[in-house]
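Chain order of the listed sequences is A and B. Per our numbering, the first sequence runs over residues 1 to 376. Per our numbering, the second sequence runs over residues 1 to 365.
Hints were generated in silico from the structure; no laboratory data involved. Think of the CB as a built atom: it goes at the ideal place given N, C-alpha and C, for glycine as much as any other residue. Wrong hints could be hidden among the right ones.
Take a look, some chain B residues computed to stay more than 10 Å from chain A by CB distance [said to hold, decoys possible]: (1) His102; (2) Ser105; (3) Val310; (4) Leu318; (5) Ser320.
Label pairs and their in silico Cβ distance ranges [as the list claims (entries may be wrong)]: (6) B:Glu202 x A:Lys148: 37 to 47 Å; (7) A:Met285 x B:Lys315: 54 to 64 Å; (8) B:Gln292 x A:Asn206: 25 to 35 Å; (9) B:Lys82 x A:Leu154: 23 to 33 Å; (10) A:Asn206 x B:Leu279: 49 to 59 Å; (11) A:Glu225 x B:Lys315: 52 to 62 Å; (12) A:Ala286 x B:Ser67: 25 to 35 Å.
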Amino acid sequence: MWGALLRRGVRGAGGLRCLSSGGPPWSQVVSEAEKIVGYPTSFMSLRCLLSDELSNIAMQVRKLVGTKHPLLDTARGFVYDSRNNLQMRGLVVLLISKAAGPSTAELSFQHDMVSGIYSSQRSLAEITELIHTAFLVHRGIVNIGELKSCDGPLKDMQFGNKMAVLSGDFLLANACTSLAQLQNTKVVELISSAIGDLVQGIYYENSKSTENCLTDDIGISRWKEQVFLSHSALLAKSCQAAMELAKHSAEIQDMAFQYGKHMSMSHKLHSDLQPFVKESSGDTMAFSLNSAPAILHQEFRGREAWLKQIREAQGKGNIVDYKKLQEAIKAGKGVTSAIDLCRYHGNRALAALERFPPSEARDALANIVYAVTRFP
Amino acid sequence: RNHATWKGKNIKSKSGIFFQEFHHTSTSHCCSCSKTISDEKYQDPFQLGRKDLKNLYEDIKKELLVSAAELKEMCDYYFDGKGKAFRPMIVVLMARACNIHHNNSKEMQASQRSVAIIAEMIHTASLVHDDVIDDANSRRGKRTLNQIWGERKAVLAGDFILSAASVALARIGNTTIISVLTQVIEDLVRGEFLQLGSKENENERFAHYLEKTFKKTASLIANSCKAVSILSCPDPKVHEIAYQYGKNVGIAFQLIDDVLDFTSCADHLGKPTAADLKLGLATGPVLFACRQFPEMNAMIMRRFSKPGDVERARKYVLQSDGVQQTTYLAQRYCHAATREIRKLRPSPEREALVHLTEMVLMRDK
Chain A
1 MWGALLRRGV RGAGGLRCLS SGGPPWSQVV SEAEKIVGYP TSFMSLRCLL
51 SDELSNIAMQ VRKLVGTKHP LLDTARGFVY DSRNNLQMRG LVVLLISKAA
101 GPSTAELSFQ HDMVSGIYSS QRSLAEITEL IHTAFLVHRG IVNIGELKSC
151 DGPLKDMQFG NKMAVLSGDF LLANACTSLA QLQNTKVVEL ISSAIGDLVQ
201 GIYYENSKST ENCLTDDIGI SRWKEQVFLS HSALLAKSCQ AAMELAKHSA
251 EIQDMAFQYG KHMSMSHKLH SDLQPFVKES SGDTMAFSLN SAPAILHQEF
301 RGREAWLKQI REAQGKGNIV DYKKLQEAIK AGKGVTSAID LCRYHGNRAL
351 AALERFPPSE ARDALANIVY AVTRFP
Chain B
1 RNHATWKGKN IKSKSGIFFQ EFHHTSTSHC CSCSKTISDE KYQDPFQLGR
51 KDLKNLYEDI KKELLVSAAE LKEMCDYYFD GKGKAFRPMI VVLMARACNI
101 HHNNSKEMQA SQRSVAIIAE MIHTASLVHD DVIDDANSRR GKRTLNQIWG
151 ERKAVLAGDF ILSAASVALA RIGNTTIISV LTQVIEDLVR GEFLQLGSKE
201 NENERFAHYL EKTFKKTASL IANSCKAVSI LSCPDPKVHE IAYQYGKNVG
251 IAFQLIDDVL DFTSCADHLG KPTAADLKLG LATGPVLFAC RQFPEMNAMI
301 MRRFSKPGDV ERARKYVLQS DGVQQTTYLA QRYCHAATRE IRKLRPSPER
351 EALVHLTEMV LMRDK
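Chain A on its own, in the form it takes in the complex (with noise of 0.2 Å):
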């Protein structure tokens, strides 16, 4: 399906190199970007970082230590996780905004910028990674219905709760106070629709079907809807809001849009293959069976091939032997399909830059592309 579209890198009018040729290593896309930027986006605004609330809600966290809430990871995430790229769909809405330049719309448009970012451009940046962070929270979030013993006292769980709720809700009011502050109905429009998108994707995340509790029965195109919604829909929408903040065309509106959601599947994508390419000599590294290697593998062999061989790699108690699915993933096309996938929707966020004129700005932005559909 894809093949056509895979080895066949984008070289357009600007340049910008084909996937295949590599490209610096993440630490230093991310670096590099942050410079361009104007500063660095590690943490999201202090105003909000210093309120009582969060810093009330940093203290009773600590009581969950010792607990077995997910609060505690997702806050602990937040302090160590530089691999998971903390902040990066921020970083991406500023490079954008600077990959597009100044308004072009109006003469009179007179708002303040700062390393070519307009104040309200950097503002919606922040407003994302506030909007991303909330429902990571949510996320954390358990069924106490669903408690066993094995998980600690109750009281724990649900004070966890109570904090989890509490602070995605602190964070989402704050998006919202940013954003009613922009002055700007479209893009209060296009962020809260982008909020409801997460929230149904996030909703299809957790749905378990009622045969299977292991896997989905979709195919890939359902899976692609659901994963747009979960994890391309913010970043996509936010990009596009870039764009009309400075009052850029429908057509640029329309290619900042297309880089947000192409770069965010293939981030995905990226993320998804990770257990099945990397050359691992100790463990296996656990792999959900609704990532896009299972489900395309599910694709190829059928859903009643694909249940037999679960059901083969269960032992004793139905646990699951990933090292054997793994195999079994691996031995088809799920992989390979996956990587083409993968380098079918960076080709298009590729493309999707090409409208941007030539700047350090769109650079880093393809350096970004190319980070995350490169495999080894």
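Following the hints, position chain B against chain A.
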């Protein structure tokens, strides 16, 4: 300064901090506390607002565009037409009262009706989250979302309703209105946080309680009234009247709610009673009772967490004048609301809003 009397009880200024808030007006319209029903011909607010609110819940459901059937079911769950629709009603009545005041217009703008819808959606979204936070299992006589579908999905449903409200808000196309109603979202969250903390000192506790009450309940009503008044006319005096009406009626509403938690029985109310005590919250009746029974202080500080605290506190409250004091306070707020709204040009809607304050005081669920 201003000591009021009600049925022979003299409420002195130890609670004076509350009275400062609304004793600034010089008009003396409604200081004669012996009248409870305004003697002008009044209309039942529900009848007046009925036409505008017809299809309110259907319209809300139309804003909730969800493809997943179960999530849709969850989002629609509380918009079953069985709620009181108290907030939307205030909003549409206020819209009409302001429109008539401004230019005798008997029309209501579509955007004003949208505000009513948005207010109800924001309110419901916050209830859904509150129920998860409080681990509540019933509301309005039926099981809560979290009880049926679990906490994870319930939180998502609340988030979705809020996002749909934001989309509807943006579509009105007015950045001022967006700011006014977004303030509500922020206040609701801050109100929840206020509830987390507690104050040592008795005077601080009352102020804290009122601030929480404003943020959690009154802000929504005050700001949605303000929003429709802005859509109605450019006069800032009118906006202030609308806001003050909403604020005062909102606080009164919550005070009575807090009273009902002690005086009503669970079946009638639709939710369990002494709920606030069980959550560790010291509301109006408790704070008043504490002045007569200082032994309650320790219970308040430990948020009624020791076994037997809830029952003991409840008994103290019912033995004290806490309920009466809180009701009286609610009356003061209602009178303030009435004074404000009577600054507008007379109209059936204006009087309905006056009548509404009386209904707030007399409700039993």
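To see whether the hints hold, each was checked on the structure:
The Cβ of His102 (chain B) sits about 24 Å from the closest Cβ of chain A, beyond the 10 Å cut-off, so the non-interface label holds. The claim that Ser105 (chain B) lies off the interface holds: its Cβ sits roughly 25 Å from the closest Cβ of chain A, which is beyond the 10 Å cut-off. Listed as outside the interface, Val310 (chain B) is consistent with that label: its C-beta sits roughly 17 Å from the nearest C-beta of chain A, beyond the 10 Å cut-off. Look at Leu318 (chain B): its CB is around 29 Å from the nearest CB on chain A, clear of 10 Å, so calling it non-interface holds up.
Interface exclusion of Ser320 (chain B) from chain A stands, the closest Cβ pair being 31 Å apart, more than 10 Å. Separation of Glu202 (chain B) from Lys148 (chain A) is about 44 Å and conforms to the stated range, judged on CB atoms against 37 to 47 Å. Checking the proposed 54 to 64 Å range against Met285 (chain A) and Lys315 (chain B) shows it holds: the Cβ atoms sit about 60 Å from each other. Checked against the hint of 25 to 35 Å, the C-beta distance between Gln292 (chain B) and Asn206 (chain A) comes to roughly 51 Å, which is inconsistent with it.
Judged by the Cβ atoms, the range 23 to 33 Å given for Lys82 (chain B) and Leu154 (chain A) holds: they are separated by roughly 31 Å. A C-beta distance of roughly 28 Å is found between Asn206 (chain A) and Leu279 (chain B), which places it outside the suggested range of 49 to 59 Å. Restraint check, Glu225 (chain A) to Lys315 (chain B): a C-beta distance of roughly 58 Å satisfies the suggested window 52 to 62 Å. Checked against the hint of 25 to 35 Å, the C-beta distance between Ala286 (chain A) and Ser67 (chain B) comes to roughly 30 Å, which is consistent with it.
Going down the numbered hints, you'll see the structure goes against 8 and 10, while the others check out.
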